[in-house]
Structures are given as C-alpha cells and as structure tokens.
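A.B. asks: Here is what each chain is made of, one letter per residue.
Protein chains: 2
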Amino acid sequence: MENFTAYNPTKLHFGKGVTDKLGETVLEFGKKVLLLYGKGSVQRNGIYEKIVKQLHSVNAEIFEFSGIKSNPLVDDVSEAAQLGKLNNVDVIVAVGGGSVIDSAKITALAIANNTDSWAIMKYKFKPQTTIPLIAVLTLAATGTEMNGAAVLQNHETDEKIGYVSSLNYPKHSFLDPEFTFTVPKDYTAYGVVDLIAHALEAYFGEGEASLSDRFVEVIIKEAMEYGPMLLKEPQNYEYRANIMWAATTALNGLTNYGRKSGDWGVHDIGHNISYLYDTPHGATLSIVYPAWLKLHKDRIPERITKLGKQLFGTSSVNDTIENLEKFFKSIDSPIRL
Amino acid sequence: MENFTAYNPTKLHFGKGVTDKLGETVLEFGKKVLLLYGKGSVQRNGIYEKIVKQLHSVNAEIFEFSGIKSNPLVDDVSEAAQLGKLNNVDVIVAVGGGSVIDSAKITALAIANNTDSWAIMKYKFKPQTTIPLIAVLTLAATGTEMNGAAVLQNHETDEKIGYVSSLNYPKHSFLDPEFTFTVPKDYTAYGVVDLIAHALEAYFGEGEASLSDRFVEVIIKEAMEYGPMLLKEPQNYEYRANIMWAATTALNGLTNYGRKSGDWGVHDIGHNISYLYDTPHGATLSIVYPAWLKLHKDRIPERITKLGKQLFGTSSVNDTIENLEKFFKSIDSPIRL
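Going line by line, the protein sequences match chains A and B.
Heads up, the first sequence is in the numbering used here, so the first residue is 68 and it goes up one at a time.
Heads up, the second sequence is in the numbering used here, so the first residue is 68 and it goes up one at a time.
Okay, chain A solo, but in the shape it has when bound (with noise of 0.2 Å):
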C-alpha cells in the first residue's frame, strides 16, 4: 500500500427535502449568493423555484449567472466570476450536475484571487484561498460534489482539460434523489457509466490497495444492479439514491486510498471526444473504455481478469471486456465512435 492522506470536508446532505436546509446553510456564509445554473431545465422541473425560495426565506441577495453548456466552457465561467466579483458576492450556490458544479469551482478561485479563470486552470496561478461553494446536484454522475476537480474547456486553445486542488471542495453538497427524477434516460445511463468509469480509473491506476479494490469492485456492482432498473422505473426513489450515492462514492477518495495515483487515460482520450464532437461525457466513456482494455490486455492481465471475476464471475480478459461492452450496450450507451 501506497502512502496516503485521507482528508474530504465536504459536508454532504443526502435525501429526500434535503434542500430545505439550504437557506440557513448559505447564511453561514454570507448573505450576497451568486446563484449558477445550466440550461432552463431546473426552472421546468420546479427546482430553481425552490432553491430561489429558500435564499429568500434567508432574505440573501441573489445574483444570476445562467446559460453553463453540459460540456462547460471557461468563457462561461469568466462570465460568471466578473459578475460574482463586481457584487462582492459571499458565497455560490450551483444547482446542477458536474458541468455546473466544476463551473462553479473555478467560479470562486477565480472572485477569491481577482485572476485568470484559464490561468488556474494551466495551473499557472496558484490560488491560495476561494469563496465558499456550496452544491446541489441534479444528475448523479461525475462525483463533482464531494471532491476537488473541475474540468472545462477553452475553444480559443482546443483544449479540455483538468483541475485538481484542495481548495476546490465544496462546503456543503445538497444531495436529493429527487432532483434527479426528470433526468431523461440517455444522460442517466451516461451517468451510471461515468461512475463506473472513476472507480475503473482507480483499479487501473499504480500501486496495490487491496480494499479499495474491493471499494471499486461493489461501487461498480452497485451500478449494474441499479442503474438498469433504474432505467425501467425513473422515478424510484430507491433506485434514484442507489445511483447517486454510488456516483459519490466512486470519485470522493475512496477508491484511491493506498494508489500512486488513477490511471486516467480513458478519460482524457474521453474528453478529447467530448471537445471535438460535443459529445456528453459518460458516452465518450463507455466507448473508450473497452477499446482501452483491449489495448492494455497483455499489460495488465491478470487486473483484467481480476476485475471480470468479481463483476461476472468469468475468467478471461476477453470475457471481462465483452461483458462490459454488453452492460455498456444494455443501457444504451454507445460502444463505438
């Protein structure tokens, strides 16, 4: 086992009416919220309308930057951070999924140290301190709401890329299942394969952690016992929670404790796709990764055959990654460019 520090202070609220403690919650912070979201799609649902009501309950001062695209760009998030640093705003508040929520990351490094949003982002500034975010998730996929990456891209550099820091937690996730329901089913599948895709970038990763191998092992069980039933009933609940905790799970630490580091290399041969043909994330995944495991077979056979064992109970590489090309196919998630 590798040596490692353990460290998440995110304060995760997970359930059913959860949100209904997000007005007090902000008032920790501060009363002046830059409030970020996507597309209309949260104000069609009826979830803008009760994050809007609970700000004012707390009489917080609301400033509005809308319009993040799902494969969110960094002109978007300067948009935002001038917006945020004109009105001294205290505190964000980001309603939706990873694209919202890594927007809103870079959002307050940006306010919190006056400077270039793609200059963090290249790592060529190196924030020392931001405001606080808090989180409320509305698709359960990229584990954004209790880690400390953000990704975005640049079209005037070609680039979709990275950001890792510790200041990029956020302070408190809002977490309810709910906010999931009108999730159409294509992006829920994506979802259940960008989950699946983080715990495999930590078992393909260097160094031997023997328990979060088995952490990678059940998170991703998890995923194929619930996200195809989660596709035939959208609005179960239990369902719904199963998959987003899952989707917490498989990118919040866990699966890496005791590694070198994640592999990665499939997500950013994912994100390369994603920047050339605005295809959504988890769909570059599922057809990445098994051509990924089909190039890496006699690297790593025996991971492969490690991984099949536990997941299908089969005993060959080939067989591993035919049954995760299958799973991939089942729920509707391309397999092929």
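I should point out that these hints are in silico values taken from the structure, not numbers from a laboratory.
Some clues are possibly wrong.
Per label pair, the in silico range of CB-to-CB distance [to be verified]:
{"id": "1", "chain 1": "B", "residue 1": "LYS83", "chain 2": "A", "residue 2": "LEU362", "range": "53 to 59 Å"}
{"id": "2", "chain 1": "A", "residue 1": "ASN303", "chain 2": "B", "residue 2": "GLU91", "range": "47 to 53 Å"}
{"id": "3", "chain 1": "B", "residue 1": "PHE379", "chain 2": "A", "residue 2": "LEU94", "range": "50 to 56 Å"}
{"id": "4", "chain 1": "B", "residue 1": "LYS99", "chain 2": "A", "residue 2": "PRO251", "range": "30 to 36 Å"}
{"id": "5", "chain 1": "A", "residue 1": "LYS120", "chain 2": "B", "residue 2": "LYS327", "range": "43 to 49 Å"}
Cβ coordinates follow ideal geometry from the N, Cα and C atoms, glycine included.
Chain A is fixed; fit chain B onto it per the hints.
C.D. replies: For chain B alone, kept in the frame of chain A given last:
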C-alpha cells in the same frame, strides 16, 4: 435509503514514516502539548522516543500524562484534564490505541469546557467547544482515529458507556502500520474481531442501505483474508497496513450512511463483560456476536443468510453463524465466556 449526512473532518495521514510531519502539525495549534499515552509499551518499542523527538523539534512544551488503562477510566481522564487545564495546553497528542485516544477526546472536552468528564459522558453537560486532538495510532481496532465516539468506564457508578459528539473527531490522525508491528498476537486478533464487529453492528442496524451493506461485506472480507495472514507474519507491512485501514473504514461513517442507526447490542453486552471481568474489548465481541446471532436468527434470518452468502458462500442462518465462530476460533479469539 434513509436521509444522512456524510461528513468526516479528520485529516488522516497513513503510511510509513508519516509521523515525520507530527511536529509541524502540532504547530498549527500551538506549542503547549498534553501528551497522553498508556502503558510503557510505547517507551519500549521506540514510538515514544520518535514522538517526543518530533515535539522537541518544534520546541513544544510537553505535559505528560501516562498510565491510561486498556479499559480506560474516567478518573484518569479527570486527572489528565486537570493537568491540561493547569498548564493551559493548546493541543493534545494521544499516542496509543482506542483507550488512549478515547480518553483524549473526553480530556479535550473537559479542558475546553472546564467541566467534569463524567457529566460529559452522561450527556448532562453539552459541550460547545473542545481543544484540538492529534492522534497517533498504535493499535488497529476501534476506528476512534476517524470518528466522534469515545468509551469510558466509571468504577463509582459501575458503568462502561459510550459518548458520541461531532467535536470528538481528531483534527489529525497519524497511522503508521509499522507502529503496530509489536502488538502481540492476541491483541492483533482482538483488533481484527473489533473491526469485524463494528462492520456487523452497522449491517444489523435499521434501514436499507445497499451500498453500505456492500462496504460492510468487503471490509469483513478484507479482515478475514489478511487477519490470519498477519497473525502468521506479524511484521509484514502490507498485512498490517491492510488491517489498519480496514479498521478505520469499519467505523468512520462509511458502513452506516443511509441507515437509521447501527444495532450496537453486541457492544453494549461486550462493555458490560469488560467492565465486570476486565476482559479485552475485542475478546468480548467474539464471545457475544455468535450468541447474539443465535438469539436473533428468527427475527432477521434473511439478513444473516445474506451475510453468510457473501462471506462464506453458505446459504443458511446456522451455517453463517457456525462459520463466523470458526473464524473467530481460527484466530484464537474466544467464542465462549
């Protein structure tokens, strides 16, 4: 799944040589250190010397309290708190297993609130603050290094009871598996039993929590795989590391998220046995758990069978219990009074 809050503020440093950062970590909080430990074993095995060297390296002023018993007493805590108050210490460094760290948690509360330790334990006084605690773990067992629980006994009131508070989390915990190399075989085995029992208390608690169940199952599998190997090779770093990390994860929240609560009936009985006969905590649990399962087997047959299927590949309640007994016997932990 029940609503829950996932939050654990402890920063846990795991691996070979991690206490090399102890000195600078202490300085985050101040220079006046109350150093708590138990018996002279930390002096014999060189750990005491390493810790004191770290404290001297940052010119810390050390106030020492030793002699904490393995079934820790509130009287010792009160004395330690007096020493701490008298000298206005900034931080506690607790070097030991569960007894020492649990004692340190209540000592910290008693110092910060200038109040009686037992009043805290009995929830008669509700502390609002504490002083920082840094834990250096020398025994893999209780999980106290990353949770808010403490257990003490009181010979005046004839009680051994637990106290849980969010103030109790150590600020930092240092877990160097090498620090457990000299733990004797019996206490190594009791530690393995203790961590399994913690996972089981969650498993048999109230509420459906699918992923937490899976975490329980793999933590116990890890313990059942590496426990016996460790007893054969007590100085094997990987085995010590795997058991140490398993013990932390068995009671740091992970196994309980999504449940109403754990059961904790077995621990309650175990505490009473320990109180009456001064039996090591882990040894009481391997005695009580099989008996408890027999008592409850008609109430929760599916749950016991599910556990047995995962751990032993069995398919009946009786086979599960029998196999659990066999495991405890195999590592020489008692199964009868």
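A.B. asks: Indicate, hint by hint, whether the structure satisfies it.
C.D. replies: Here is how each hint holds up against the structure:
1. B:LYS83 - A:LEU362: 53 to 59 Å: 34 Å, violated
2. A:ASN303 - B:GLU91: 47 to 53 Å: 50 Å, holds
3. B:PHE379 - A:LEU94: 50 to 56 Å: 51 Å, holds
4. B:LYS99 - A:PRO251: 30 to 36 Å: The hint (30 to 36 Å, Cβ to Cβ) is violated, given that LYS99 (chain B) and PRO251 (chain A) are roughly 59 Å apart.
5. A:LYS120 - B:LYS327: 43 to 49 Å: With a Cβ separation near 29 Å, LYS120 (chain A) and LYS327 (chain B) fall outside 43 to 49 Å, so the hint is violated.
The structure fails hints 1, 4, 5 (numbered hints given earlier, in ascending order).
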